[in-house]
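Whenever a hint applies, use it, and build me the whole structure from the sequences.
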Amino acid sequence: MAQVALRNIVKTFDRTPAVRGINLDIPDREFIVLVGPSGCGKSTTLRMIAGLEEATSGEIFIGDQLVNDVPPKDRDIAMVFQNYALYPHMTVFENMSFGLRLKKFPRAEIKERVQIAARILDITDLLDRRPKQLSGGQRQRVAMGRAIVRNPKVFLFDEPLSNLDAKLRVQMRTEIKKIHQQVTTTTVYVTHDQVEAMTLADRVVIMNAGRIDQIGTPHEVYHTPKTQFVAGFIGSPTMNMLPCRLVENGNGLTVRLSDWLSFPVPPSRVDRYRPQVGSELTFGLRPEHIIEWRGDVPPGAAAFEARLDVVEPMGMETMVYFIVDGLEVCGRVNPASAGRVGESMRLVADLNQMHLIDPRTELVV
Amino acid sequence: MTTTTTIAEPVVSRNQTVRYGSISRGRRRTLYWSYLFLILFVIFFLTPPVYMFITSLKSSAEISAATNPWWVYHPTLSNYIDLLTQRTYLVFFRNSAVVSLCVVSVTMVISVLAAFSLARMKFWGSATLATGVFLAYLIPDSLVFIPLFKTFAFIHEKTGVELINHWWVLIILLPTLTVPFCTWIMIGYFASIPKELDEAALIDGAGYIQMLIKIFIPVALPGIIAATIFCFTVSWANFLYGLAFTTSADQLTLPVGIVTTLIRGDVYAWGQIMTGALLGAAPPLIIYAFLMDYYIAGLTAGATKG
Numbered sequence: 001m002a003q004v005a006l007r008n009i010v011k012t013f014d015r016t017p018a019v020r021g022i023n024l025d026i027p028d029r030e031f032i033v034l035v036g037p038s039g040c041g042k043s044t045t046l047r048m049i050a051g052l053e054e055a056t057s058g059e060i061f062i063g064d065q066l067v068n069d070v071p072p073k074d075r076d077i078a079m080v081f082q083n084y085a086l087y088p089h090m091t092v093f094e095n096m097s098f099g100l101r102l103k104k105f106p107r108a109e110i111k112e113r114v115q116i117a118a119r120i121l122d123i124t125d126l127l128d129r130r131p132k133q134l135s136g137g138q139r140q141r142v143a144m145g146r147a148i149v150r151n152p153k154v155f156l157f158d159e160p161l162s163n164l165d166a167k168l169r170v171q172m173r174t175e176i177k178k179i180h181q182q183v184t185t186t187t188v189y190v191t192h193d194q195v196e197a198m199t200l201a202d203r204v205v206i207m208n209a210g211r212i213d214q215i216g217t218p219h220e221v222y223h224t225p226k227t228q229f230v231a232g233f234i235g236s237p238t239m240n241m242l243p244c245r246l247v248e249n250g251n252g253l254t255v256r257l258s259d260w261l262s263f264p265v266p267p268s269r270v271d272r273y274r275p276q277v278g279s280e281l282t283f284g285l286r287p288e289h290i291i292e293w294r295g296d297v298p299p300g301a302a303a304f305e306a307r308l309d310v311v312e313p314m315g316m317e318t319m320v321y322f323i324v325d326g327l328e329v330c331g332r333v334n335p336a337s338a339g340r341v342g343e344s345m346r347l348v349a350d351l352n353q354m355h356l357i358d359p360r361t362e363l364v365v
Numbered sequence: 366m367t368t369t370t371t372i373a374e375p376v377v378s379r380n381q382t383v384r385y386g387s388i389s390r391g392r393r394r395t396l397y398w399s400y401l402f403l404i405l406f407v408i409f410f411l412t413p414p415v416y417m418f419i420t421s422l423k424s425s426a427e428i429s430a431a432t433n434p435w436w437v438y439h440p441t442l443s444n445y446i447d448l449l450t451q452r453t454y455l456v457f458f459r460n461s462a463v464v465s466l467c468v469v470s471v472t473m474v475i476s477v478l479a480a481f482s483l484a485r486m487k488f489w490g491s492a493t494l495a496t497g498v499f500l501a502y503l504i505p506d507s508l509v510f511i512p513l514f515k516t517f518a519f520i521h522e523k524t525g526v527e528l529i530n531h532w533w534v535l536i537i538l539l540p541t542l543t544v545p546f547c548t549w550i551m552i553g554y555f556a557s558i559p560k561e562l563d564e565a566a567l568i569d570g571a572g573y574i575q576m577l578i579k580i581f582i583p584v585a586l587p588g589i590i591a592a593t594i595f596c597f598t599v600s601w602a603n604f605l606y607g608l609a610f611t612t613s614a615d616q617l618t619l620p621v622g623i624v625t626t627l628i629r630g631d632v633y634a635w636g637q638i639m640t641g642a643l644l645g646a647a648p649p650l651i652i653y654a655f656l657m658d659y660y661i662a663g664l665t666a667g668a669t670k671g
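Just so you know, the protein sequences line up as chains A and B, in that order.
My numbering applies: residue 1 is where the first sequence begins, and numbers increase by one.
My numbering applies: residue 366 is where the second sequence begins, and numbers increase by one.
In short, the hints are calculated from the structure, not lab data.
Model, not experiment: these values are computed from the prediction.
It cannot be assumed that every hint is accurate.
[Stated by the list, open to error] Result set (SDA-like, lysine to any residue): computed pairs, CA atoms no more than 25 Å apart in a straight line: (1) Lys73/A to Gly572/B; (2) Lys103/A to Tyr573/B; (3) Lys132/A to Pro587/B.
In structure tokens, the structure reads:
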């Protein structure tokens, strides 16, 4: 059990920067998820914590120890890889006990530890099998078992569910969460899947082009994104983003999206947005904040008519798309009240949830 | 209306009667050709050993008589008995066996270690060295033996150590042929092992030597067996180095021994030559037969994604 700290970590591969100065504090027992698109440096960061890559500059601490020059085996970490990385010539038991055997643990203790881990992961029956006789999900369990038996200070997961099919991925996700509740070891988990990040993390670290854009609880990064990238990356379907102009309207402010569509800024946001009056901004609103009209307009919301371009029934809800100045905008409505393609539908935008982004700095205002 | 339907119908039925047996027919045709060429191949390659076997059962008189060369009229084991009771032939056999076993051991130790470091431990110049190993393999032995001979002469001049005309010198010489090739094969095998496997081993606490012994060698066993077979065959069958570097009858290996002692002037002891060659070919054959099972088992085990 230990906290992990990264101080100004930089990594360059042959002059190509992969990680451009990262600061991160992970308290003991926290489940932290590094998420971002491919090439954002999340895996490199994880591999530097593991000691598989050397940091070009900066400091890495595990517990209170500076580990920059400590080899992986002495960092007391365990890692789960995307392609499982099980030793193909060893049985499940041998795979899980390999690290303990190298460290010359007494045989009885090895056996006990493997049994406990196997019970947690529900793989007791598989201990005599070889990796090739296991399914993808079982292999991933064994890979996790190999990490658990070592009882390390930190668990590192490198996209562990990417090789599994969609249904199994959801199952294993729940499983990982349960295991963390049981084992409560500090965990750093890398994924490109924002749903995985949201569901698993105590805190999410969103990385973009080698930097951290935002660190926060899943709730924070979803509801109060700090940058345009975070706003667009978290949430599915993605946040609607439209160019807009902020104009004065008597006492209040109005967001002008196009000739036919303007929204009043809710009074609670007026003071925050007033300095931006007159400038070109990006307006952001999540699909679930554009819903069907239910007979009244709650405070801070605005009703409007839109001609539907595409309608996607999803079962529980229906996605409706309409076009504002050439850009597609998505709303999430009750299937019963969804209109048909080509028809006009009355929708309500909840502007209490709106975001304004400065396109020059890409920061949320 | 009716005319159009009557015209249309045959078109439809003609479309329906298009033969879809073409897949199996195509397969059958492919198989015919495969069999044809395989049989030609087998005849081409098995004729010499069969001829050797037939000749080995004949007496010298029958070999020189103008009878059907493909039939034995008076089978005799005298060639076998003569050879196996001759001390020289047994010495050749022993020399060959010791040389081959030593060369295999030396080569496998060197090339497994070399391949592991070249494939996995990225160090300055490792890529260039790997290419160098491959280039070394491309140089034919008929070019290498002259400089080697000169080197040995130089060593003799400087130190007084006589390296020529000793069978054990082949243990130093033959690895110049086997090490580059085996290293090259093993680099390929080691490179095909996923990088995560050694990273997992590193994190599990293995050092490089443990990683090699506990992970790489077992996983790459099919490759190691293939390299061993190759290495054994090359050193067992090598003719040139034995011919060039050894001369006394008690220092010769089998391939050289048969040719130099069973041909006296222009008298060819064909029966014994054939018998000797046939017996000489037995060890590689036996090794193939035994290791092939492991080899194929290993190959198929690695074939599925693991």
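Self-check item: Straight-line alpha-carbon gap Lys73/A to Gly572/B, limit 25 Å
Solution: Judged against 25 Å, a Cα distance of about 9 Å means the pair holds.
Quiz item: Between Lys103/A and Tyr573/B, is the straight-line Cα distance small enough, at 25 Å or below?
Solution: holds, 15 Å
Practice problem: Given the hint that Lys132/A pairs with Pro587/B, test it: the Cα-Cα distance must not exceed 25 Å. | Solution: holds, 17 Å
Comparing the model with each earlier hint shows no violations; every hint is respected.
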